[in-house]
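> Just need the whole structure built from these sequences, with the hints factored in.
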Amino acid sequence: MWNTFDRIRPHLEEQYRNWEPNPETGLSPEELEKLADRCFESHRGEPLILTKAAIFELILTKARIGVDPADWFADHLQSGNVMNKYQGLRKAEGYRKLPSDCEDASSLYPETGTGYAALDLSHTSPDWKSVLELGPTGLRDRALHAQKSAETEEQRIFYTAVAVIFDAMRKFIERLAEEAERVGAERVSGTLRAIAHRPPETFQEALQLSLLYDTCQELEGEPVRSQGLFDRLFLPFYRHDLQNGILTRDQAKELLKFFWTKFYAQGHPNGKNFGFGGLEFPGNDTTNELTELGFEVYRELNTINPKLTFRVSKKTPDFILRRVAECIQAGITGFVFANEETAREMFRKRGKEPRDIYDFIFVGCYEPAIMGREISCTMAGTYNLLKPVELLFHNGNDPRTGAAVGLPCPLPRNSQELEAAYFRQLTHQLTRIMERGKLYEKIWPEVNPSPLLSGTMPECIRKGRDISDSGTKYNTSGIMCAGIGSAADALAAVEYLVFERNLCSMTELKNALDNNWNGYETLRLEALNHAPKWGISDPSADAIARRITEHTANLINHTPNTRGGTFQMGLWSIDQDRTLGSKTGATPDGRLSGAPLSRNTGSTTGMDRRGITALMNSVMKLDHSEFPDGSVLDIMLHPSAVSGKEGPDIITSLIRTFFAGGGLAIQFNILSAEDLKQAQKEPEKYSNLQVRVCGWNNRFILLSPEEQALFIAKAEAGE
Amino acid sequence: MSVARIVDIKHFAVHDGPGIRTTVFLKGCPLRCIWCHNPESVRTVPEIALLNRCTLCGRCAEVCRCHRIEKGKHLIDRTSCTGCGRCVSACLCNALFLYGKTFTPEGLMPELLTDRLFYGHSGGGITLSGGEPLLAPEFCRDLFRLLKTEGIHCAVDTCGNIPWNAFETVLPFADLFLYDLKQMDSDLHRQYTGAPNERILENLKHLDDTGKPIEIRMPIIPGLNDDPGEIASAGRFLGGLKHIIAVRLLPYHSFARSKYQSIGHADTMPAVESPSKEKLDHLAAQMQKEMGKTYRNCPVLR
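Those protein sequence lines, which keep their order, are chains X and R. For the record, in the first sequence the residue sitting at position 541 is 541 according to this note's numbering, with numbers rising by one throughout. For the record, in the second sequence the residue sitting at position 198 is 198 according to this note's numbering, with numbers rising by one throughout.
Hint data in this document are derived by calculation from the structure and do not stem from the laboratory. Treat the numbers as computed from the prediction; the structure is a model and nothing was measured. A couple of the hints might just be wrong.
Computed cross-link-like contacts, DSS-like style, restricted to lysine-lysine with a CA-CA straight-line distance of at most 25 Å [claimed, not checked]: (1) K62/X with K85/X; (2) K645/X with K259/R; (3) K279/R with K645/X; (4) K645/X with K314/X; (5) K279/R with K289/R; (6) K645/X with K205/R; (7) K293/R with K85/X; (8) K259/R with K10/R; (9) K205/R with K685/X; (10) K621/X with K10/R; (11) K463/X with K442/X; (12) K242/R with K205/R; (13) K277/R with K677/X.
Label-pair ranges, simulated between beta-carbon atoms [to be verified]: (14) K205/R with R546/X: 38 to 46 Å; (15) K242/R with E684/X: 51 to 59 Å; (16) T79/R with E646/X: 40 to 48 Å.
Glycine included, each C-beta is placed from N, C-alpha and C at the ideal position.
Listed below in structure tokens is the structure:
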């Protein structure tokens, strides 16, 4: 039965694309949709959470399923588009009812590359501890038990929905078990039978349950953005199996390969995030034999999905950090490193209890949240930090569309007025984004109650309240702030060109920008090559970045949301450096109209002219404990800088240095411009060349031509 | 007060001694190796480099008569250049660079200290290289003295072709010597580098006697010093020393060719391929063998 992975890996990687479900196992998507429509009609008038549970049950008990006898795990479900459709309908209905206050934050702001306010259902993680300790029947029974002491009708309804939904999950697992027996899939049938009735006991059972929970939550309509802390959650199961002779270490490795390949095959574009390492109460390091096994498997898989988060503290052993550095050196870069010490300080400032902080994870890419106790909506809003620069030149109007997205203002006459004008526009816009965000939050319970996800959260069960209704202990709302490098460069350039060197007047500079620098090439070169820049450890540019982030953090982190928490500032951009940049006109830093913003906390492309130590020195000057929605630095290294035996030590030194300097998260690319250009010419030879895009990985040859060009420019700048 | 002309300061230097370092390149060299990969550091006088980013805008010509733009070409009168650097400030394309700014040790310190967090976490520090740093021994000593008060690791990268007393000047402060070994046969050494090697080998023995750790660096130049006999002879010599901590074989590469052009020097090196990885592995194994029992654990890096 063992040692089949390498042989059938190609088949496993295509397991969803090539799947033809057996019609005898259930209804076709069309039939399912008809039935669901009827179900929806017959439930009209009752609380949405019950309707949702009913439709969820219908799909899990009636949809076609499949089990592959060659696989160690089962999860195939042809759910069709039913849940999506109802979620879409409810959203559309809810949004129609929204008042018009601050409407521009969700209409004009996206159009003008300013950012947006939204309802973020996408950044969640369940309480994996409850899932694995209780299993579906235990989770159902926990809700039913709590129901006995329910005080209100609303609570009773909540508990009923949770019980229905976990019982539906149990039925789904039983159906898979029957199908497994029918097709002779011995590898999985026993496992499925077991976890349908009791919590998992073995490594395989725990992995299987975790996979099925993930399938169910994705079906419910909230993408799972962290699979929890792998080396903590699964350690008892792994040790149990080794002690009882159920598995060997090699067999456990193979199981994990089958398991992780599920996520690769599902092909979530942003990757599935598994956490590792970190401290546990009362402050000891948790890395263990499963940490090592996990990293070993990841290296052997050489995959772009899942992606791993490694929590690194001063107590993290050097040898295990080196193990990961060796992966990075080999170009397996699907890791983000999280700084335990800065994260603790950051959570502490946000009022989180010290005991809770030990359970933090990165939800999504690098947005910190407490597993099982927090719904962090990390992209409730996004914001382009460069936009206010454009607005202050144009009387508060977006020059490309003419939309009045800012405040009317005269051109600044000196440095003080310049920064005051910048902050005035920024404060105005961010305030509107948050005000609009609050309106979205208020309609959340009517749009998307989440009985499955809520049912895992101990605090939701205690209170009898759904996550959409602030059931969890911590309820926060993140605002992604993009382009800090570009914003600092732009303000520094105005200062340099107009107020310091008198190379032009504000009006002349405005004309240059309005003409996309055409006819102002000399001035543009002054801006590009002589003005101070973020990322070269320049004191004046770094001080501007520090003032921008302090002001913005102060504003965002102290604005209450409507869910009993606050908004939280994030200092990152993911790939919106390009989307936001594409709608932003020419800026004083020499940037041309439509060009990308700086990515995450890094410099504008090509402007980190003094190497990575200078870049890191700039970034370390910011107070990263003030960015509770996360911050991250991308490091691009030429392969020759980390070659040989000393290479991994250089990588670990960079991580340790950045973390000692207060950074929160860091990720790496090991690329040479030459290799990338060659990969464009001969993609077939470079199909395995992976890049860390911005919080997830992809194969270089699959990136768009624009994104490829950006990586080549970044690699060239570093050489 | 001691001063020196600095070619360049390289941050995140990871091949010039242990850890993450900042390498300061001093201008001026007593050798003229035909394969030199730092031609900008050979002469003691300041030199202007013209990089191919030049857009022929002519702003440099406006501030200095040494620059002319003629028939689509940027010409520099290098004999009249005093290294004042006004052209560099005028250039908007970062196409000009001045090699040979004058610094005092105190003047260099702020920049060298910016990366101290990196030195501390990687076991790195400062390396003085060149050119030949020990042509300015007092400057090296004074700079090291300042660095040592900050607890920073100090290394010297030397070609060895200098009076012994220059070593004595820096010995109390240097933690590590990177010592070049280019050719064991003195006649060939003279032919390839312009000087015989007796003093270099003599100094190396002296240095070894002081007990300071030494990393040997051998450039491997195809056709010139990469034959087994040469490696054997170097290995035997090193085997007789006591404080070699590593031998690093540095394969020749042609990256420096554009540098020759940028500073208007004639490129003296015939076209050769870089040595292959297999060749380097082979030479390393032979070196390891020749160095004998004393150095069974001394790594030969490549």
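> Each hint needs a verdict: does it hold in this structure or not?
Checked hints:
Among the hinted pairs, K62/X with K85/X is consistent with the structure: their alpha-carbon atoms are about 17 Å apart, no more than 25 Å. Of the pairs offered as hints, the one joining K645/X and K259/R is violated, with about 30 Å between alpha carbons and a cut-off of 25 Å exceeded. Between K279/R and K645/X the CA atoms are separated by roughly 19 Å; this keeps the pair inside 25 Å, and the hint holds. Annotation: proposed proximity of K645/X to K314/X holds, straight-line Cα distance about 23 Å (limit 25 Å).
Under the criterion of a C-alpha separation no larger than 25 Å, the hint pairing K279/R with K289/R is consistent with the structure, at around 15 Å. In summary, the hint linking K645/X to K205/R is not supported, as the alpha carbons are separated by about 29 Å, beyond the 25 Å threshold. The suggested pairing of K293/R with K85/X is violated, with an alpha-carbon distance near 76 Å, which exceeds 25 Å. Of the supplied pair hints, the one linking K259/R and K10/R holds, its CA atoms being roughly 16 Å apart against a limit of 25 Å.
The straight-line distance between the Cα atoms of K205/R and K685/X is roughly 50 Å, outside the 25 Å bound, and the hint therefore fails. Taking the CA atoms of K621/X and K10/R, the gap is near 22 Å; set against the 25 Å cutoff, the hint holds. For a cut-off of 25 Å, the pair hint linking K463/X to K442/X stands: about 19 Å separates their Cα positions. With a CA separation close to 9 Å, the supplied pair K242/R and K205/R stays within the 25 Å bound.
About 23 Å separates the Cα atoms of K277/R and K677/X, which keeps this hinted pair within 25 Å; it holds. A beta carbon spacing of about 54 Å between K205/R and R546/X contradicts the range 38 to 46 Å that was offered as a hint. Separated by about 54 Å at the C-beta atoms, K242/R and E684/X satisfy the suggested range of 51 to 59 Å. For T79/R and E646/X, the Cβ-Cβ distance of about 44 Å falls inside the hinted range of 40 to 48 Å, so the restraint holds.
Consistency note: the structure conflicts with the earlier hints numbered 2, 6, 7, 9 and 14.
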